[in-house]
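Chemist: Just so you know, the protein sequences line up as chains S and L, in that order. As numbered in the numbering used here, residues 1 to 218 make up the first sequence, in order. As numbered in the numbering used here, residues 1001 to 1229 make up the second sequence, in order.
Mixed in with the good hints, there may be bad ones.
Only part of the chain L face toward chain S is listed, based on derived beta-carbon distances under 8 Å [claimed, not checked]:
#, residue
1, D1038
2, S1068
3, Y1070
4, M1073
5, A1076
6, T1109
7, A1116
8, F1124
None of these hints come from the bench; they were simulated from the model. Even glycine gets a Cβ: it sits at the ideal position worked out from N, Cα and C.
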Amino acid sequence: MGFNKFFTGKLELITAILIALVSFATALTVYLTNTAGSTANGNNHQGMITAIKLEAFSNENWRKTYQDASSAFSYALALENVRVLKSSPDAGERAQAANFEKYLLPNLKQMADPFTGSQKYLKQDGSINLQALFTDLQNTPEIKGLDPQQYFDLAEIAYAEQRWLLVGSILMAISLFWLTVSQIASNRKIMTFFTGCFFFLVGMLWVIIYLLQQGGVS
Amino acid sequence: MTQTSQLPTQSDRYKTLLLFLAILNTVFVVILASLQSDAGIRATLADRDSQYYAVASSGELHRSGLASNYDFMVLAQTLKSQQENLVLSMTVLEQQIQGQSKQAEFSQTAANSALAQADVGRKFSILFTDPRFKPKDTLGLPNLQDYLTHINAQANEMVKKQNEAADAYHLWNQKSDDYAMILTIISIAFLIFGVGQAVTDSRLRFFFVIVGGTIQAVCFFWSIAVLIG
């Protein structure tokens, strides 16, 4: 009875202190929510930029691969022509073959490099392995470092955190509402006070769970 | 005297009910706001995926364009060489019949060269080496329909995924907008309950209970429809 009288007498003061405390907690929670959202959007943005860069590199490397393949095909055609001319019974055609071999084929071979410079890019039947060249062109440190999925994964984690914190923010805001009602209402003060306290405690617990998972505020 | 002091006075009727509805409203708002936030985030993710697949399909179309350009170039060269070989072989026969043996030798060399180049083309082209596309006989044409289907398959798959992501974005974006609309309307219920608490006439207070409760019920069923829609 004495406690009730004390409590009822000091309710307005206690409510005022709680309103200040809840306001601070709400501001902090909203800040954490916005930070999580901002981190998520930043990671999404970075992931998209990385994806576009990767696609640009792939496009260029495929273009180069098919360009070299066309040159390799031209070289192979010229090579066969020279081979046939060399076995011709006509001296004139054999002379043509000799000149083609001396002056034309080296240039065509150089243009067809790396298909003509390395066995790695040739198949057993003598045709060219385009996929092998493309894979090697993609295998540079600059391209290997481009992984959009890692940013997308980080974004999804941050969005999950944002979802969690937003619920905490809303619980804090609801608590602030009920405490304010308790402060200004003429009756039902205790009921609205405890309603506000309940939402505040749930909101605090919500945010503390998040902070424990993070290992403290970063 | 004790009994009458325990009964609610006429001016206090429906205040507890209003308070209960207001508390219910706050719980409803928490759930709705969470759903709205979740829908907004899903819309953002679907939008991102849609853009990612658009970029990927653009890249894949570029690659398939390069591949088909190369393959058709080789095919055209191979068919040209085959035709040249055929024509030159006919020329050799004609020249031999006419007794033009020297010219026939030149034509034979050219025919051999065309044949060798056609063999190179068959080795270099997927249209002649892949069992899915290669001709059924030596003089036949490759299966170009299956080749075109194959070369565009990955791009089509990317476009399909992009369309699915775009549809998901529209769905979740609409849900997010609907939840935001419901939240706006439910805030009116807060106002109604607050005004109901302030009035002194219990009949007027009951009126506000009915109006606020109706708004709450409508918003509740609307939320369910959006949730399962």
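Chemist: Kindly indicate which numbered hints from before are broken by the structure, ordering the numbers from low to high.
Modeler: When the structure is compared with the hints, numbers 2 and 5 turn out to be violated.
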